Amino acid sequence: MKKFLITVFSSVSILFALLIYILLYTASGVGVLVSAANLLSPLTIHIQQSSGTVLGELMLEEISLTLPDDSQISLSQFGWRVSKLEPLRKRIAFDFIQLSDVVISQGRSKTETEAASEPAPLAIPKLPIAISITEFRLAKLALIRDSEHSSILEHASFQLSIEQNKFSWQQVNISSDQFTVQAERLLLMPHEPNPAQGEFTVSIRFPQQGTLSLGTKVSSQNNQIYLKTAINGLLDGEIEIQLFDILDELSWHLKSAELRVDDWPALKQSPLNTLNLTLDLEGTTSSVGGTVNLTGILESNDPFRLSSQIDLTPDLMQLKNGVLTLSTLDAQILLNGQIQPTPPHNLSFTANSEKISQLRIASEVVELRDIFLKLSGTPQQMTINFDSGLQIDKQQGQLSANGALTPHQLQLDSVHLTGAVGTIHANGSLELDPPHLIHARISTQNLQPQYFFPQYSGQIASQIEINGPLEAERRALEVTLQQLSGNLNQQPLKGTGRFFWRTGKWAVEGLQMTLGLNSIAVNLKNHPAWQGEWDLDVPKLEQLYPTVSGTLKSKGNISSHSNMPRVSATIHGNEISYETYSVGTIRGLIDLIPDESEQSDLSIQLHNLIATNNLSTPLDLNIHGVGTLGDHYIDIEAKQIDAHASFRLLGQLTSTLWRATTDRLEIAHPKFGEWTQKASSEIKIAKNQFSFSQLCLLQQDTNICLEGKRDAQDLLATLAAKHFPVEYLSPWIPDQIMVSGNVSSVMEVRQLENQPIDLDASLESDTLRIDFQSQALPPLHNLKTNGHVTLKNNRLQYSLALRLDAQQFTHLHGHMEDISLRNNSPVKVHIDSEIHDLSWLSAFEPLGARVAGTWKSNLRIEGTLNDPKLYGRARVDQLAYQLKDQGVSISDGQALLKASGNTLNYQINLGSKTGPLSLSGTSQLLGLGASKTNLSIVGKEFTLVDRIDQKVMVSPDLKLAISPKDIYLSGKLHIPKALYAPKELPQGAVSASPDIQTQERVLTASSPTPVRTDLDVSLGDNVVFDGFGLNTFLSGYLRIYGDLLQLTRASGQLNLVQGKYKAYGQDLTIERGQLYFSGKEINRPNISIRAVRQVENVKAGILANGPIQEPTLEIFSEPELPQTEALAYLILGRPLDQRNRDDGAILAAAVTSLGLNRSQLLAQQIAHRFGLDTIRVEGGETWQQTAVSAGKYLTPRLYLSYGIGLFEATQQILLRYQINRRLQFQGVGGDASGADLFYRNETESLNIDELINPNESNQKKTD
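5 is the number of the first residue of the sequence shown in the working numbering; add one for each residue after it.
Mixed in with the good hints, there may be bad ones.
What the hints assert, rightly or not - Keeping only pairs whose Cα atoms sit at most 27 Å apart, straight-line, the calculated DSSO-like set for lysine-lysine is:
1) K1064 x K955
2) K726 x K713
3) K873 x K917
4) K888 x K944
5) K378 x K359
6) K873 x K902
7) K682 x K643
8) K888 x K832
9) K675 x K643
10) K529 x K559
11) K498 x K557
12) K559 x K509
13) K691 x K529
14) K170 x K221
15) K1084 x K1103
16) K726 x K832
17) K955 x K860
18) K936 x K888
These aren't lab readings, by the way, just hints derived from the structure by calculation.
In this text, all values refer to a predicted model and were calculated from it rather than measured experimentally.
With the hints as extra help, turn the sequences into a complete structure.
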């Protein structure tokens, strides 16, 4: 008890001693007035100056002392209120401090058993008393410096309880202009196993950037304290801190700290789009170590990354093994450095990199190699050493720099660039304090200009000096070109001159330059008054600028009279062209006299002006003006062969304003008709100001009106069109449609000072007509149109409605939240649309199909421009697609799209006359236009094609996966019914020679996306092939796999069922027919076919086995007969008749065309048996024209043959007689008859005697 009393009275003594100290400290020269003397009653002490002004008051209320039985002291309220913030020499000031319900009592000691059972506590001495403060309040705490108040806190309040060394803060609220701190409860228990717990929030407000919120959870375990802070607002991330041994030597670990900056306003003024910071640090009160990782995206969308290890001690701060990665520049920069925290703060910093690529000087790519940068010294005086190799367009060079850096100046003693682009030497200094004076001297030798300006080549030597301040408000640069020499594009170059530039003022003095035949001389300045002259003589413009050609001469002078200059100049140019622009001649005479008593004259003529992209017909432009400043006119006239425009301006010019009225305005064009102005319009032009009253153009009942104004702060413009013919817009309308009718529109554009542009536009029409290029599509008559667009505060709203015959045809509406279109700016676009008839899409269908259906959507786009997200639904109903020529007919279709961020869900149902087909699946949007799609395709007896010669019905169960790398189609495809009846061989049906070996191609960057397949294809009972003489049912199963675009393989078997083959007018029955696929290319199966013909008691047939490209063909018969007889039964249906030579020709043709084994021997046997010399098959332009012919030499010179068509009823007789070695006669009879005489000329000269007396010549020469 005695110990407790001593403690209590000591505490009270300290409290009153502190109070007396504060009074003495804050009240120098101030009197104290005590209004009450009883300490056990409310006590108020007034503090006032000797002048009587009351500065504040000190209040004590209800102080009580409890005897040792209860052992406590209670102070109900203690407060200090300041009436006037005049702390004189003091450093802090506040309105008031108040403590309420303060209770001091003796703390309870734990028993020895309790103490022994606890884990080792934190080493802090226990307090023998308990203190409870129900409320602590502090208002307007300020820092005083040089009689100025800097606010620290606006308000602070909390509850405090201390008992058994348990410190508890509750209802904590601290606020100021810049931040707030809030906590429900914070508990610190140094002698407990879990020494701390609670939560608190800190919000920091930045006036220009926004708010940063830190929400921290405090927890503890095993005498270690954990802080986990979630960061939101300007930064986004999370920090974890571990504290331990906090009362011995503070140790901590900051782990997994990540800060993300995606939309920090401060970034908008920097070259950064995003910034992410990740930390992993640990340390004590005397040292810190760990890693720092910084990643981000530059404004140019180029990523970068910085990672480094840091070590901090009281004596040294180190950056170790830092790596800065700039992927765009293909660079890795190694960083190392150190600095002493104590004065004079010696530092050393180095940066090394093997190379930095993709830098640019003008259009050339520059690569730095073996880069070394070193900074050493102190922050007050650093030396700079830089050295690097250099490569430009395979030219090698070296770049080095040495200098010094202080807080106030950058001094470069030498900068040397040798090799590569030439030799450059420079030195100078830059003041880092305003106005940022610069002084630099630059000299060049053998400088190659093509690296800066690609259109030039040559070598340049120069000496340049630059002086003046760089600060924007006081910028005044003086550039002296002391020497310029060398050659450009093989033309000699010389020049000198001086250039001066200051905000709003400039001067060119003594500029003399010659390049080849061209010369330029300029002396010109605009301060303190306009004065100077120029002389341009350029007979070869292409020498000055290679993309310009022609000649140009101009000479003139300018001088000031009062506030306005007098200008006299002449301009002459011929055959001037630049890119797609050209002009035949330019003539100009300017004599502007700022004197009311004298007339000025202006005349400019441009003849044969052509702009290839927009103005292919030559244009003549004439501008002529005459008069005084106060009364003048300007005529402007433009003429083409079939169009012209002219107008006259009547003007008055004062020292501050030019005012003019449009006296005449006429426009005539063969496509756009004739236009005239409705009334005069007034135009005003002054400094930073422009305006014109309503200017209206009329054409019958159509008028277009424009008016507006612009000054230094605001912009306002209005455009109104009434009954405007939309036919005038035909050059910008697709060729597939023709639009006619009239529209009316009003548009207003407004921009206030430093505000985004606002826009309001409307469009309406009730006379629109749309005709389609396709005659199958009916026109749309009497379309009623209504549209509206508004843009305000970067928020865009739009709507468009088309109505046809009182029915809504199309309806689009939506809004976009932000149109600033920065890469990281938020995007919020709503698209609501409704189209009640999609048949107009048929006009744009490339295959000429008919399209029908309705469309309705409710979509929105959110996210950023770099990473947009799509949400909402889109639906197509009553979808129909008909392509009659191809037999495609889809009806009763429905399509539904659901979008959720980067995921699109599809559901498409299609109908046909036999069965349905559905497609369902999802797409994942991967960014940069890439996506990943998975579709399921399921159908039952869906009619895919329905033509006379082709009918296909399918029942698919397929999976389709589409990715940026490939397309993969897998699953089952059943074909229950199909008919294929081709009339001619499809293109590409003839396969390549078996001598040509196919190899798999290696995909390159230009190869199409691979299409991989793994399909199980099965044929139903009603699949028919009927063409080229073959009529058969097909059945079987195939597995098709591989790349469709390169090498498709197959395994399985197809069967020919109930097949018949018609050849040479005969029908063969296919008893057995199989196609075997064994994993090779799909067009290389093996076949096994047995086709027979029954003639009375003889069955003749053909066997085909082996690869389809080279099958083994054999003729057989039952009973067994000679090959020629068996072939006769197979082809002719009867035994061979030696008297009928047509039989021999047909059999020989069969042998040749079928490619039977031993075909040459069979053909010889047939020919010999019939006494023929030749039998052969001759092809025509088509397979139907194939014919067989048999011939015989009647004499050594006379040959006769007879041919018949194999597939068409044609016949032909040919007679050929060899008159002599060079001359031959040939006659043909049949469907087409004629005769020809052929002459063959070899190396010998023509002998006329042979033509006249062939018999005599034949006696000399053997034919």
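Hints and how they fare:
Among the hinted pairs, K1064 with K955 is consistent with the structure: their alpha-carbon atoms are about 20 Å apart, no more than 27 Å. Pair hint K726 plus K713 holds up; C-alpha atoms about 22 Å apart against a cutoff of 27 Å. The straight-line distance between the Cα atoms of K873 and K917 is roughly 39 Å, outside the 27 Å bound, and the hint therefore fails. For the given pair, K888 sits about 22 Å from K944 by alpha-carbon distance, which is consistent with the 27 Å threshold.
Straight-line distance between C-alpha atoms of K378 and K359 comes to about 16 Å, which keeps the hinted pair within the 27 Å bound. Between K873 and K902 the CA atoms are separated by roughly 12 Å; this keeps the pair inside 27 Å, and the hint holds. For the hint linking K682 to K643, the alpha-carbon distance of about 22 Å falls within 27 Å, and the restraint holds. With a C-alpha separation of about 43 Å, the suggested pairing of K888 with K832 is violated against the 27 Å cut-off.
For the suggested pair K675 and K643, the alpha carbons sit about 15 Å apart, so the restraint of at most 27 Å is met. Between the alpha carbons of K529 and K559 the distance comes to roughly 16 Å, so the proposed pair stays at or under 27 Å and holds. For the hint linking K498 to K557, the alpha-carbon distance of about 19 Å falls within 27 Å, and the restraint holds. Pair hint K559 plus K509 holds up; C-alpha atoms about 23 Å apart against a cutoff of 27 Å.
Restraint check: the Cα-Cα separation between K691 and K529 comes to about 19 Å, which is no more than 27 Å; the hinted pair holds. Between K170 and K221 the alpha-carbon distance is near 19 Å, which keeps this suggested pair within the 27 Å criterion. The hinted pair formed by K1084 and K1103 fails the criterion: a straight-line CA distance of about 35 Å is larger than 27 Å. The straight-line distance between the Cα atoms of K726 and K832 is roughly 34 Å, outside the 27 Å bound, and the hint therefore fails.
Taken as a hint, the K955 and K860 pair is broken in the structure, with Cα atoms around 34 Å apart against an allowance of 27 Å. For the hint pairing K936 with K888, the CA-to-CA distance comes to about 33 Å; that exceeds 27 Å, so the pair is violated.
Hints 3, 8, 15, 16, 17 and 18 from the earlier list are contradicted by this structure; the remaining hints agree with it.
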